[in-house]
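Asks: Respectively, the protein sequence lines represent chains A, B, C and D.
With our numbering, you'll find the first sequence wraps up at 331, consecutive numbering, no jumps.
With our numbering, you'll find the second sequence wraps up at 331, consecutive numbering, no jumps.
With our numbering, you'll find the third sequence wraps up at 331, consecutive numbering, no jumps.
With our numbering, you'll find the fourth sequence wraps up at 331, consecutive numbering, no jumps.
The reader is advised that the hints may include incorrect statements.
BS3-like cross-link-like pairs, simulated, lysine-lysine; straight-line CA separation at most 30 Å [to be verified]:
1. D:Lys-329 x A:Lys-329
2. B:Lys-329 x C:Lys-329
3. B:Lys-296 x B:Lys-113
If you are wondering where the hints come from, they were derived from the structure by calculation, not from laboratory data.
There are 4 protein chains.
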Amino acid sequence: MLRIAMLGAGRVGQVHARSVVAHPEAELALVVDPIEAAATSLAATHGTRWSLDPQDAFEDASIDAVIIGTPTNTHTEMLARAVDAGKKVLLEKPIDLDLARIDDVWARIQAKAPFVMLGFNRRFDPSFREVKERVQQGEIGMVRALRITSRDPQPPPAAYLSASGGMFKDMTIHDFDMARFQVGDMVEVSAVASDNGLDAFREANDHAQAIITMRAVSGALVTIVDSRSCAYGYDQRLEAFGDLGSLEVGNWTATSVRSASATRTEAAGPLLNFFLERYLPAFQNELDEFVQAIKADRAPAVGFADGRAALVLAEAANESVATGRVVKVG
Amino acid sequence: MLRIAMLGAGRVGQVHARSVVAHPEAELALVVDPIEAAATSLAATHGTRWSLDPQDAFEDASIDAVIIGTPTNTHTEMLARAVDAGKKVLLEKPIDLDLARIDDVWARIQAKAPFVMLGFNRRFDPSFREVKERVQQGEIGMVRALRITSRDPQPPPAAYLSASGGMFKDMTIHDFDMARFQVGDMVEVSAVASDNGLDAFREANDHAQAIITMRAVSGALVTIVDSRSCAYGYDQRLEAFGDLGSLEVGNWTATSVRSASATRTEAAGPLLNFFLERYLPAFQNELDEFVQAIKADRAPAVGFADGRAALVLAEAANESVATGRVVKVG
Amino acid sequence: MLRIAMLGAGRVGQVHARSVVAHPEAELALVVDPIEAAATSLAATHGTRWSLDPQDAFEDASIDAVIIGTPTNTHTEMLARAVDAGKKVLLEKPIDLDLARIDDVWARIQAKAPFVMLGFNRRFDPSFREVKERVQQGEIGMVRALRITSRDPQPPPAAYLSASGGMFKDMTIHDFDMARFQVGDMVEVSAVASDNGLDAFREANDHAQAIITMRAVSGALVTIVDSRSCAYGYDQRLEAFGDLGSLEVGNWTATSVRSASATRTEAAGPLLNFFLERYLPAFQNELDEFVQAIKADRAPAVGFADGRAALVLAEAANESVATGRVVKVG
Amino acid sequence: MLRIAMLGAGRVGQVHARSVVAHPEAELALVVDPIEAAATSLAATHGTRWSLDPQDAFEDASIDAVIIGTPTNTHTEMLARAVDAGKKVLLEKPIDLDLARIDDVWARIQAKAPFVMLGFNRRFDPSFREVKERVQQGEIGMVRALRITSRDPQPPPAAYLSASGGMFKDMTIHDFDMARFQVGDMVEVSAVASDNGLDAFREANDHAQAIITMRAVSGALVTIVDSRSCAYGYDQRLEAFGDLGSLEVGNWTATSVRSASATRTEAAGPLLNFFLERYLPAFQNELDEFVQAIKADRAPAVGFADGRAALVLAEAANESVATGRVVKVG
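Looking at chain A on its own, in the form it has when it is part of the complex (with noise of 0.2 Å):
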């Protein structure tokens, strides 16, 4: 049993916590964050220990794995401690929202070749998988183009926003990430977006939508159309267009119910509402990977570098809204 201490007890903490317990090689042995009652009730959740002190993880031999699930802006200091204590590391995204304080925590840990994997839980959604697979399975021939579309339910709140570091960083990272997992790196980027004439986004310098292009090293173009709000739930879609077909993955709902009427016909209800229902089985897919490449002393399948690539792309992002220009990468 690999014994894992959740670092974070906030909601993806608890999505986690939940995925070790359910995982028959994983046990949930700390839960560590300074709300006493944020930590003492998911560690009762699932009758384990808690504390308020991340050291207590890092000094435990007796543990050999840390979810980090903190506040973005601690994430790079509870690496760097628990790497330094030999704990290998699920990451939750992003690493951080400045790209010189990732370079100085790599430049600290690398030499330990620290096992870091990173929290991009929808490279693990069997939907997305599949249409990677089937790609390189030749299926669809050379991809051309890829498309994108992430749509929250509702905006965050206004203390959200602040400290998110900006749409790109915050929500679009894993759209960025996506895009690399499915035809890989990119060499441009460009960016326009909306505050849709709400207050709450022109206060916090920041997007209501945004639609992104980017051109892959492989030549594939690819849009990404991200919104904070969708009035009919959490839209999550993806198209991969080949030389010989494609690949497009779609929205589920909570039933297969259809329904007919005077006014309607093949109405489906409602989408699964946010990421905890949608991504599901993809953080239940993401933990086994965290877990299988630890057992077998592997490199997970994304690392510390894919975290780093992604914040590159959501600066490029920035400031290509900024000028108005085609922003070159990599």
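Chain A is already provided as a structure; the job is to place chains B, C and D on it using the hints.
Replies: Quick look at chains B, C and D alone, frame taken from chain A:
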């Protein structure tokens, strides 16, 4: 140019007239209807001649063919006179409500080896035809089950009901023919029906809905689910289920628009309203088969015997409802 | 925590065991199977105790409830002994293949007002449940027709067939219950069936496919289309057709990927393979109902009488196939 | 009857000719094409007169209107001569490849307040029209994002490419107009494109695919995803995303058949091949608008200014590709 007279200027007559006019190798030479307003109106629409008396069609040597779309109880007489006059005939379904009269008229005309095509337009619908062709090509292997759904948007008026010959001879007749078109002749028929507690049907001793089950000579089991009303429009579906897979014909909407909102996703519009809209291409293809078969001097794809066979199944269904027994046919 | 013993460590026993372990208010206290390898394997998987003798479950005062997933011919004995021992019972379908034995066991236990829940897991499927709820809310008006499609991916082995009690009691039993769940009790049953010319079914005097038609007390007409094999996977659909519209339950695929190529568009993947995959959430919800009903000291949502009623319909269907007649029930 | 001369007997001329003939209030009075074989063939098909010289149309006082479907580089001359001759004009897109010539011809004819309708047939497609109408009725609230997908089944021949004016003026022009039709005028255009490594496009200095991003005056962000080839047919989709929901236009297949097999389910057939099939009703509706506007002596729904505006967007897209910058328009 094939010169055609249209006998009957009612709803189906209007559909046929339009198909004739649009056909590059056919010409609408005459419209006949005892109701002067009907005859003149349809003739005027297409700029052709009209008459109150079918004899004008039969005696006109320049007329090659007639389409019989008169009331059902005049079909056999019209057919006999048309054949006597040497005209090619496209006869609307059903041939007659009475099997004895059907056999009588055939006895009278068969020596002339008449060209008689039956108006089972659904055989010419591109989707139903595609199913048959793909089945013949072996795509789904041996067909084990066939399912036909047929629901009219609204029940006919009471006056129509009383003269209709009942649901099985009036409406299900199309489905009986479709079943034979897809899987061949039948050996057993059973049926259950309901008036849904509605006076109109009870008073006409008729059904608001019915389920007919048949066994084909091939061994395939057939289900027909019929209803005289359907809130969401004209529901016309079919499923052929075989050893290697299935082929399903779905419904059509007027546009390809799908909507999503807080309460539903992927909602299509209402179905095409009724048979004039849904089977417009089928009527056109049917007329083309009429023209091509005459031109090539060959038998039409659907003939008198098919019209008789469908009525035999309708009578068996009536008997099954009355006796609660499976009825052997053929 | 509700302490549960699992009687029977076969396929369905494994499913239930997993649900018990995953349920926050239930505990798998004991696994019983006369085949030692089966008992020990399942017990080991979940780190619990095992026994070859159900008496160990009945005599253990710490055990609150048992799930009976043993061979059908032992159901009534297990049920009686469990009730005598004061255990709450979740009993797999069918109660027994013989109505007399069903009535006997009930006569024996009824004075104890036993808690007996029947394992009709499909009632707990979110999609079927949603249909029932929306019907109850009046969305589609009075239900006039109900259509159930149920096709297994592959026929069971010959050995299974011979002990199964026949298609209607073994497989269609779920559909009979679903029909009652959706539109209530029945008054008439008729059925046609075919062995599709296959020796395995002919030798077992059983069916490869069947169509069952029923009339409900409510007046609704019900069609069940069943097949023991289906090339494209486990086909589980339902349509409730009412005066104001329809509600349809469609199939599930493993991912939401759709593909397009030169020969086809919008192609989804194969269906979820079989009941373990398709009805996993249903099994979990079923167990939750079992736990909640026990906790609340109320009757379960589906009881002994429902198990008996489904068998009555299966016997009527058998009689209809044998006689070619509509059979009255209830 | 409106008497119409068709100038140009090529592919689009043939489509228009058929619409004219089928229209109850229009008559095909003359077919003009300098290639005698083309002129005579089209005239013979519809039993009308032909000429090699457009002057015959302009000088014929019995001719009310002309449809200009000649090569693009003759459009402005034909338009000017037709207006001078007092004819109503339906002009195929683009008006011209050069904005200066467009402005010149307008300067020359505007004093005559000419009736000039532009051949943006997609505005008359029932699905795109339905989206616009439902948006106007407020169904999805304020439109925030519009997405247009437009993929031709096969690239045009090299000879066509070299004279086409480039992808944006030749193909995307329709999408620029559709964007304006749905969300109004634009303020910013940016575009990226690729020749996909194909010689034909590189040599023509043209694109195999492109992504165009625009910002509308309304604030809506527009994405156009275009490709000169598409393995699965003519891909024509649109999504309007608003505050209250979305409306999507999907593709059309020739039949409603769906197939299931061991490897796939719900597979539809290939898409309608190309614009002649996909937009047949749109061409017919377009002609009807031409006729009705003339009859009612009102401006057509889409005019000269719309043709010019689309070309302005095409030029901006060209500039954006060349400079890597967002280009301001309007």
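Asks: Keeping to a limit of 30 Å between CA atoms, is the pair of Lys-296 (chain B) and Lys-113 (chain B) held or broken?
Replies: holds (18 Å)
Asks: Between the alpha carbons of Lys-329 (chain B) and Lys-329 (chain C), is the straight-line distance 30 Å or under?
Replies: Cα-Cα ~22 Å, so holds.
Asks: With a cut-off of 30 Å on the C-alpha distance, tell me whether Lys-329 (chain D) and Lys-329 (chain A) pass.
Replies: holds (22 Å)
The structure fails none of the hints (numbered hints given earlier).
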